[in-house]
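> Line by line, the protein sequences give chains A and B. The numbering used here applies: residue 35 is where the first sequence begins, and numbers increase by one. The numbering used here applies: residue 1008 is where the second sequence begins, and numbers increase by one.
Derived by calculation from the structure, the hints in this document are not laboratory data. As the structure is a prediction and not an experimental result, all values here were calculated from the model. Take these hints with a grain of salt, some might be off.
As a list, the in silico DSSO-like pairs of lysine-lysine whose alpha-carbon atoms are at most 27 Å apart [as the list claims (entries may be wrong)]:
#1 A/Lys36 - B/Lys1035
#2 B/Lys1084 - B/Lys1037
#3 B/Lys1133 - B/Lys1123
#4 B/Lys1037 - A/Lys36
#5 B/Lys1051 - A/Lys36
#6 B/Lys1446 - A/Lys346
#7 B/Lys1136 - A/Lys346
#8 B/Lys1372 - B/Lys1391
#9 B/Lys1136 - B/Lys1058
#10 A/Lys36 - B/Lys1372
#11 B/Lys1037 - B/Lys1123
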Amino acid sequence: MKRPQLHVSASPHLHSGITVNCIMRDFILALLPAVFAGWFYFGWRALLVLIISIAAAMATELLWDKLVGRPVGLRNGSAIFTGLVLGLLLSNQVPWWIPVVGALVAIVAGKELFGGLGNHPFNSSLVGWAFLAISYKDILENYPTPEPKFLLEAGEFLVDPAIYALKDGGVDAIIDVPWKDFVLGNVPGEIGTICVIAILLGGAYLLYRRVLTWHIPISFIATVWVFGYVTSIVDPDTYASGTFHVLGGWTLFAAFFLAPEFGTAPVTFGGKIAYGIGCGLLTMIIRIWGTYNEGVPFAILLMNSVTPLLDKIRPRVVGRVKEIA
Amino acid sequence: MRNGKKPKGIPLDSSIITVPKPLGSDVKPKKLVLPLHNRWGMLKLLVRPGKDVSRGQLLAEDERGVAPPVYSPCDGKVLGVRAWSNFAGEEVPAIILQCSGSTVQEHAQKDTGAWKKTDPHTLVKKVQKAGIRETDAYVWPLAWRLAQPGLPPTEIPNGPDISRPIEYLIVNALDRQPGVTIRESALSGRETEIAEAISLLEHISGTRNTILAVRKGQPISDSLERELRQRGIKVRMCPPVYPIALEPILVQYITGREIALPHGDARAVGVTVVDILTALRVYRSIRDNSPAFSSPLQLTIHGSENDYQTWIPEGILVSELLEQLQFNYSNAAKLILGGPLLGFAQHTFDVPITAEVDNIIIQAKPDVFIYENNSCINCGYCVKVCPMGLMPNELSRLCEYENFEAAERQFLFHCIECGLCAYICPARRPMVQLMRFGKREIGKLREASQEQ
């Protein structure tokens, strides 16, 4: 009988079946509750911003790959994720060209110039966002009051995002906001970052699917909470509580979707913990004493830059025994 | 006995354990191919091509006295010596043997228990002469690992260091890889033989601590338990996780002792690990006073519900075995010798099955996993899963960009090539291939520097 040609490869001959596509799909699925919350509070315009952002990111990646003659990497879905995250970090009031410019910078300067997915040193979405935040500060900081579609009354305790209110008005400005509003996301803010429940749902999904490990999110959130708790005990009239710092602002969104981005975060146990703690500390330092309102994005970008250093905190290598006679 | 911590890895799914079916009638090979090279060295041919040989005749031996010799498993004729692909896909010289008689023993011998009165040193010499090759890549052949201090199987200068007494003898009845069940089925149905085999090894090694390592949740028959208890053999349940059955990890889990890598000599920390299948082969060889000719094999064929499990003569070609099964080649796309995670893919069906191979897999086209030359996305999954505490992401990149010195500094040679990093890699990178490439290139560099 004629024998077939055999396929030859190195071992192993099995695979877990988890590919980059699956991971990106999980990340995008995990963001869907936040997308829903964005639509629920800010209406169809929020979805429009997201769609423009995603489309711009995909188009940029496609064009770039064609331009430099690389195989088109759209298939793995990382452009969708970058665009989606960038969109969720914007207000629904931004003009249409803001997400386009942001996605362009995020994809080209944030990712492709370094060689694509996994090789970029800084979180690509945040690079895009930081460019916009520095260049078009006034356009970006236009946050409407949420108008819930059904069931809820609009939360009217705040006219600015909670972190901004804290910076401008001190603890008095935010002390009366009910926790319920934070948890449900019934406060002014960006499309994706306001609804705590939606973000936690997505985060829990990522941990359940083991796309992420707990190290970075938990150490990040815990550091923010402890820092806030200690400062608020020292001087409760000046500093807001740890719980406020966790629930208000970007902390939770960043802990699950920004800080652990592959390629920009450490991979070892010790490195991840140190990275999470570093993100948390810088976040609180910038929020309390810095000039920016929201400390999270620059905290993460700064910590991204020390990631190679943190990866030196290695696991113990088995079999590294001094010569046994 | 100190417990090591639970190793990392992937679960050995017990649900895929299949009911083995026998091969049917005895395998009667027409041609046998016996490689003259194994992991401990090159053997010297003792017969001239064209000569007739008889069953059990010594065909080749190691001049240094380390590597196990090769015997003729059947009556027949030496056709010649040719370069032939071995189980690992390397071209090595091999004896081609034409078989005229059967390879099986006509009548199974009854155990006279003579070995109980024989002194361990004589037995260790017999083990060395039995020609036993093993599935796992141990640093030294079985006889050297079993030998008591000061009593080497052969008197050679600069032999393995056996000065330390054997404090633990671990009989490894764990199946190495997911889907391989041959050791688990070997444990059932031959209780006395198993217990006797373990006692024999205990007798040879002179140890007090003999441990039978089995999978947690594996059913052990009452009679086997009784036999083992009577002989004072401890049974140790191990979590069903790949790669717990690999030597460095198993030794650490059971004894808490760490084998110094990259050399990986367990004997240096007073531990000897013996495969349960090897134990059986040693026992039969000593009992029948004949070399070990046959080895157990599990054959997994795509689309077939049950696996074949049988003892086959060493040296039979895969193609000849498949012929006996009237195998339909049309859908076969990949032939793997040695299991799904550790095995070697073959380029031909004409590859001899030696005792290094405990499992053969034939995959159909849809089952074949294809690696891609993608760049690392730095997800860190491999770091999480590596049982040796390495950073495979970094190592694979260092090897890829040929920065071998840095890779060696990052403990490339501690990699045991278990394959978990490639199994888990979302970017489908050929991790093990890159590690092997790095190791080989470093080996070449070393050779070159020694020549200068």
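> Decide, hint by hint, whether the structure agrees.
Outcome of the hint check:
no., hint, in the structure
1, A/Lys36 - B/Lys1035, "23 Å, holds"
2, B/Lys1084 - B/Lys1037, "11 Å, holds"
3, B/Lys1133 - B/Lys1123, "14 Å, holds"
4, B/Lys1037 - A/Lys36, "20 Å, holds"
5, B/Lys1051 - A/Lys36, "36 Å, violated"
6, B/Lys1446 - A/Lys346, "23 Å, holds"
7, B/Lys1136 - A/Lys346, "49 Å, violated"
8, B/Lys1372 - B/Lys1391, "31 Å, violated"
9, B/Lys1136 - B/Lys1058, "22 Å, holds"
10, A/Lys36 - B/Lys1372, "17 Å, holds"
11, B/Lys1037 - B/Lys1123, "38 Å, violated"
The structure fails hints 5, 7, 8, 11 (numbered hints given earlier, in ascending order).
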